[in-house]
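There are 2 protein chains.
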Amino acid sequence: MMNLLEHDNILPNSLAESVLYSMRAGGKRLRPILMRAAFESFGGRGDKVLPVAAALEMVHTYSLIHDDLPAMDDDDYRRGQLTNHKKFGEATAILAGDALLTRSFSVIGQAVGIQPEEKVYLMSYLSEAAGPTGMIAGQTLDMEAEDKESTLDQLEQIHNLKTGKLLTYAIVAGAYLAGVKPETLDLMKQFGTYIGLIFQVQDDILDVTGDASVLGKPVGSDEENKKSTYPKLLGLDGAKAQMDKYVNLAHQCLEQAEIKDSRLHELTVYLSRRTS
Amino acid sequence: MMNLLEHDNILPNSLAESVLYSMRAGGKRLRPILMRAAFESFGGRGDKVLPVAAALEMVHTYSLIHDDLPAMDDDDYRRGQLTNHKKFGEATAILAGDALLTRSFSVIGQAVGIQPEEKVYLMSYLSEAAGPTGMIAGQTLDMEAEDKESTLDQLEQIHNLKTGKLLTYAIVAGAYLAGVKPETLDLMKQFGTYIGLIFQVQDDILDVTGDASVLGKPVGSDEENKKSTYPKLLGLDGAKAQMDKYVNLAHQCLEQAEIKDSRLHELTVYLSRRTS
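Protein sequence lines correspond, in order, to chains S and W.
At position 52 of the first sequence the residue is numbered 52 (the working numbering), and the sequence of numbers has no breaks.
Convert by adding 1000 to the 1-based position in the second sequence; the result is the number in the working numbering.
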């Protein structure tokens, strides 16, 4: 009784192990890279973005853990290693995802060197981008679209929500922390949307033309799952032409935002040509 | 392409239906009631607590949806109706839980009439109370304790984390929004811990002596699940004596905090005598 408040904060080993397993699985760290690039492209300097980038990567990792669950995509491998639930069991995987999502907000809330108004903006926007009108809406629509023919417009909507929202968050948060004007923030939101679509078209193309050993996951799964994809709707050449359109529109956003630094341009090209 | 940003925010019907099903299932609304009582006991007036109370109830509801999942407690009924996954399927239930948890933070972030510093405190503290060193730690330890004998100290630790953290949040958030001193906040944290334990002892007692039709869930499930409980460790009379201890300690906290209003005293007594 006397020590009731002593065992106040406990991080159980099994939970820590499961969370760290997925956080350390690697991946491209694309969202942190985009956030830092956006921050520095607008003249931001120092480590102010780091906690926000970590929080975003935590949210991204949680979404992968829950997406892989048997009741969802039922995947056994991710980034070349067993998925979280295959390694630790379903219950721990659900809790590990919940833990990463929940904790991400206090990582921003407790960050040093970010003002309270900025924290409220970044936490609220993360909640929206990842929440039921953002990423979770995309996941829901994606599930409902299985085994159905989708139109190009529906496909864009799903990807914009499911993938685009968090990628856009990375870019907008970086620009916001560098102190850009609201008009520029709107341009970066648009840029983020194109980046999300470029990412997804290339994902679909790689599922047709990619190398499983480079990708770290099997190819041809879209065909197997009867998923609507860009190559299926537009043909492989049509999908590549669609990508070029998105790349041009993304570059236009950056020019309108008057960015001198070339890093976001380079990342746009990288994403359109990536092999993994 | 032109309307890319038009379908920016979508809340799919199926997701909304699943989320609202669980939010509207009722329950005691204990956490909102405690938050408002704490707020008004310290002289708070107006509706400032409402969005924070709603956010907390959302987090509580998410935790019930995920706890009921087949991989976790595998429950078919909750509050006298089918559990979320029984009604909407497992995938939607996982997403509904994720949606409630994620959205809760922007409900606080977008609240009117709360200062940015207050919002950062309330959002960060919610993340801690519900996260991997709070409620999720409790859930993990509870799973690991299944089919094992626990000591009274271990039992207290699990309940303090799993149930106590969110109940304490309710009380501390209410007191905080009323503008109390840090020392008083510490006293209310202690009070919240006792409230959590009182809640749990009575839960255990009701599982032995309660009426399933009043409770809205079956009794005797602890015995069936071989769970360690207060009556099992201390006997039924011992459990009741333990509760009286907690009730006295809770009242002492309120007296030290110099609360004139009797509502928190009354709620303490109610929780120790509740039949559902």
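Treat each hint with caution, since some may be false.
[As the list claims (entries may be wrong)] Here chain S is said to cover these stretches of chain W; the calculated rule only asks that three of the stretch's residues, wherever they fall, bring their Cβ under 8 Å from a Cβ of chain S: (1) 1021 to 1029; (2) 1068 to 1078; (3) 1082 to 1096; (4) 1101 to 1112.
Keep in mind the hints are simulated off the structure, nothing from the lab.
C-beta: ideal position from N, C-alpha, C; glycine also.
Broken hints, by number: 1
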